[in-house]
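A.B. asks: Sequence:
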Amino acid sequence: EPGYKTPFAVAVSAPQGLLAVTNTREVRRSESGGLVRFEFEESPPLPTYLVAIAVGAFDVRSGPAGALPVRLLADAGKAGLGALALAAARGELVELERYFGRAYPYSKLDLLAVPSFGAGAMENAGLITFREERLLLGDHASLAMRVGTDSIIAHEEAHQWFGDLVTMAWWDDLWLNEGFASWMENKATDHFHPEWNLWLQTAEGQQRAMALDARTGAHPVITPIPDVLAAGNAFDTITYQKGQAVIRMLEAYVGEDAFRDGVRRYIARHAYRNTVTADLWAALDEGAARPVAGIADDFTRQAGVPLIRAEAADGALRLAQGRFAAEGDAAPRTWRTPVVIQPPGGPTVRVMVAGGRAEPGLALVPGAVVNAGQVGYFRTAYAPALWAPLMARFATLPAADQLGLLYDGRALGEAGVVPVADVLDIARRIGPDADPVVLAALADQLRALDDYYDGLPGHAAFRAYALARLRPIQVRLGWNARPGEPDNAVVTRAAVLKAMGVFGDPAVLAEAGRRFTAYRADPAGLTGSDRETVLAIVADRADAAAWDQLHALAVAARDPTDKSRLYRLLGAARDPALAERALKLALSREPPATVTPALIRSVSRNHPDRAFDFALAHRAQVEASLEPVSRVSFLTELAAPSRRRAAARRIEAFAATLPASDRGEADKAASAIRFRAEVIEKRLPDIDRWLASNPG
Numbered sequence: 004e005p006g007y008k009t010p011f012a013v014a015v016s017a018p019q020g021l022l023a024v025t026n027t028r029e030v031r032r033s034e035s036g037g038l039v040r041f042e043f044e045e046s047p048p049l050p051t052y053l054v055a056i057a058v059g060a061f062d063v064r065s066g067p068a069g070a071l072p073v074r075l076l077a078d079a080g081k082a083g084l085g086a087l088a089l090a091a092a093r094g095e096l097v098e099l100e101r102y103f104g105r106a107y108p109y110s111k112l113d114l115l116a117v118p119s120f121g122a123g124a125m126e127n128a129g130l131i132t133f134r135e136e137r138l139l140l141g142d143h144a145s146l147a148m149r150v151g152t153d154s155i156i157a158h159e160e161a162h163q164w165f166g167d168l169v170t171m172a173w174w175d176d177l178w179l180n181e182g183f184a185s186w187m188e189n190k191a192t193d194h195f196h197p198e199w200n201l202w203l204q205t206a207e208g209q210q211r212a213m214a215l216d217a218r219t220g221a222h223p224v225i226t227p228i229p230d231v232l233a234a235g236n237a238f239d240t241i242t243y244q245k246g247q248a249v250i251r252m253l254e255a256y257v258g259e260d261a262f263r264d265g266v267r268r269y270i271a272r273h274a275y276r277n278t279v280t281a282d283l284w285a286a287l288d289e290g291a292a293r294p295v296a297g298i299a300d301d302f303t304r305q306a307g308v309p310l311i312r313a314e315a316a317d318g319a320l321r322l323a324q325g326r327f328a329a330e331g332d333a334a335p336r337t338w339r340t341p342v343v344i345q346p347p348g349g350p351t352v353r354v355m356v357a358g359g360r361a362e363p364g365l366a367l368v369p370g371a372v373v374n375a376g377q378v379g380y381f382r383t384a385y386a387p388a389l390w391a392p393l394m395a396r397f398a399t400l401p402a403a404d405q406l407g408l409l410y411d412g413r414a415l416g417e418a419g420v421v422p423v424a425d426v427l428d429i430a431r432r433i434g435p436d437a438d439p440v441v442l443a444a445l446a447d448q449l450r451a452l453d454d455y456y457d458g459l460p461g462h463a464a465f466r467a468y469a470l471a472r473l474r475p476i477q478v479r480l481g482w483n484a485r486p487g488e489p490d491n492a493v494v495t496r497a498a499v500l501k502a503m504g505v506f507g508d509p510a511v512l513a514e515a516g517r518r519f520t521a522y523r524a525d526p527a528g529l530t531g532s533d534r535e536t537v538l539a540i541v542a543d544r545a546d547a548a549a550w551d552q553l554h555a556l557a558v559a560a561r562d563p564t565d566k567s568r569l570y571r572l573l574g575a576a577r578d579p580a581l582a583e584r585a586l587k588l589a590l591s592r593e594p595p596a597t598v599t600p601a602l603i604r605s606v607s608r609n610h611p612d613r614a615f616d617f618a619l620a621h622r623a624q625v626e627a628s629l630e631p632v633s634r635v636s637f638l639t640e641l642a643a644p645s646r647r648r649a650a651a652r653r654i655e656a657f658a659a660t661l662p663a664s665d666r667g668e669a670d671k672a673a674s675a676i677r678f679r680a681e682v683i684e685k686r687l688p689d690i691d692r693w694l695a696s697n698p699g
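Plus 3 on top of the position in the sequence shown (first one is 1) and you've got our numbering.
For the record, the hints were derived by calculation from the structure and aren't laboratory data. Note that the Cβ used here is the ideal one computed from N, Cα and C, for glycine as well. Check each hint, because a few of them may be wrong.
Simulated restraints, written as ranges between beta carbons of each label pair [what the hints assert, rightly or not]:
| no. | residue 1 | residue 2 | range |
| --- | --- | --- | --- |
| 1 | Gly6 | Arg28 | 25 to 33 Å |
| 2 | Pro10 | Asp288 | 30 to 38 Å |
| 3 | Ala285 | Gly6 | 12 to 20 Å |
| 4 | Arg652 | Pro72 | 24 to 32 Å |
| 5 | Tyr7 | Gln305 | 50 to 58 Å |
| 6 | Pro489 | Ala395 | 49 to 57 Å |
When you get a sec, could you build the whole thing from the sequences and use the hints?
C.D. replies: Rendered as structure tokens:
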């Protein structure tokens, strides 16, 4: 009941030698009868879901964030692994205080590493809890893990203002917590690590939201929540990633300073109280030269993705807006959509598309980018006369626009809006010297297309094309980091090598095998991102001997992050027999409790139908390892990667056994399967024909 906030006074009696912590500072400690009584100061008003108590033999590290001490607590002997996390938490807290224009609202801040914590992280006021692998990064941590840790800490710390200090009145407005915190995690982390180019790295999250938002089962960002079961369904990509994308679009529309000032008004006005979304729009509109409430309502109160069509007519650029519907309901909808256009060599043009069309008078400049900077939440489809000059200058475009064209090309092609081969044409234009994030995205998009081909006649031709795109990148980057290369080159190298391993490149598979053998002889010789890459390639192609070797490494691992990753890799094998072994292992109680669902999910990547069947057959055991609100979504997500229409029907039959308010996740999964089957049936033949006429 988030709408009920009250102060809490907590006292805990615990055995000697243990430490108790809660949301507020300890004020008194006494001993009696072998127990220690910890008393804590009364908290500010909190809803019950933000109250937390923990007791343990904690190892504690601390450091200041301005005048506030920040502590990291973990199981005995583990806190030293949290040095990077503690440093990030201290810096990000100071930056958040600056942004919100208000001091951290609670008397202390503890970050607690919990060995078994299914939720991953939780923003309890003053006592943020994390699954320990999210917080404790040892020597084996990759750059991707470091980015993830900094981001999730910024996310949970942002909640201390947006969610804890100011709380939504009911779960309808959950996005006020999660969408805003997801946006702020990027903004704060990017402030400290601009070299990571985080807005580019996380563009993939917006793509996942748009893919879901364009299919059956999508819900508005603000959606009616009748009961607790339905609330569990709201913790999804729409709430987090679409919410974040809408906030970023609105900030770009009104300007950073005006947006920040509106957020500060909202926080000051509603501190320690509850709000609805309209309260945020009112605070933003109060000082903005460009009001946002109407635009924001269009994007948060209806599901769907706008489609902006760019056309040439009578010497002018015409923008027409419709709806991008990849599958399911395609009923017309309209949005007031801010659009940024960047002609080559000319000034930026800003227009509002409303009522289905843009304002008149746009000059036609060949090669102009619509949605320049890619901060708008919409797809862009170019008429052929506009597409050709844009492709001619593709290599000179900013990385964000290259990435946006790549993502739109695949999404629009799979939906049949534009020729599906457009994405292959884009891929040919991405040179090996492109931005590292663009190169990593290219590898990931090729892997996604490859998934459609499993077992089909055109598979070999597609893989030959994909490897021809990736080999020049791999030759330039090599296997080892080079002095002076950007941090994100590590991300690119990993993505490219993993994709080439999946595609069966003989040289990559041989070198990964050689490095794995050397690693087993000398573990110190392979660390961080390099180690993650080699192990992923080996796990994907594992035979029984390699699987056993990975299993032995998982059992022996002491670093919680490393142990979790190794167990997940055991589920990545393509061999069906090894997938069965991984599923049995998941329920053996050998892996850490929070790894059980992760291992089953890993199997579902290559064997979705089998993973779903297994989870249903052992439903009670599987659900015992999950938070109650995530149980249905976990089961349906296992089947979602399937390519078989029969799997969609099975998901729908499963949904019929659920309460009506808990069927949303099943609808999403069934829609994803039907869409994937349609792409295989209708789009792959077009790709086959393009590959046949464009060899090499």
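A.B. asks: Which hints, by number, does the structure contradict?
C.D. replies: 4, 5, 6
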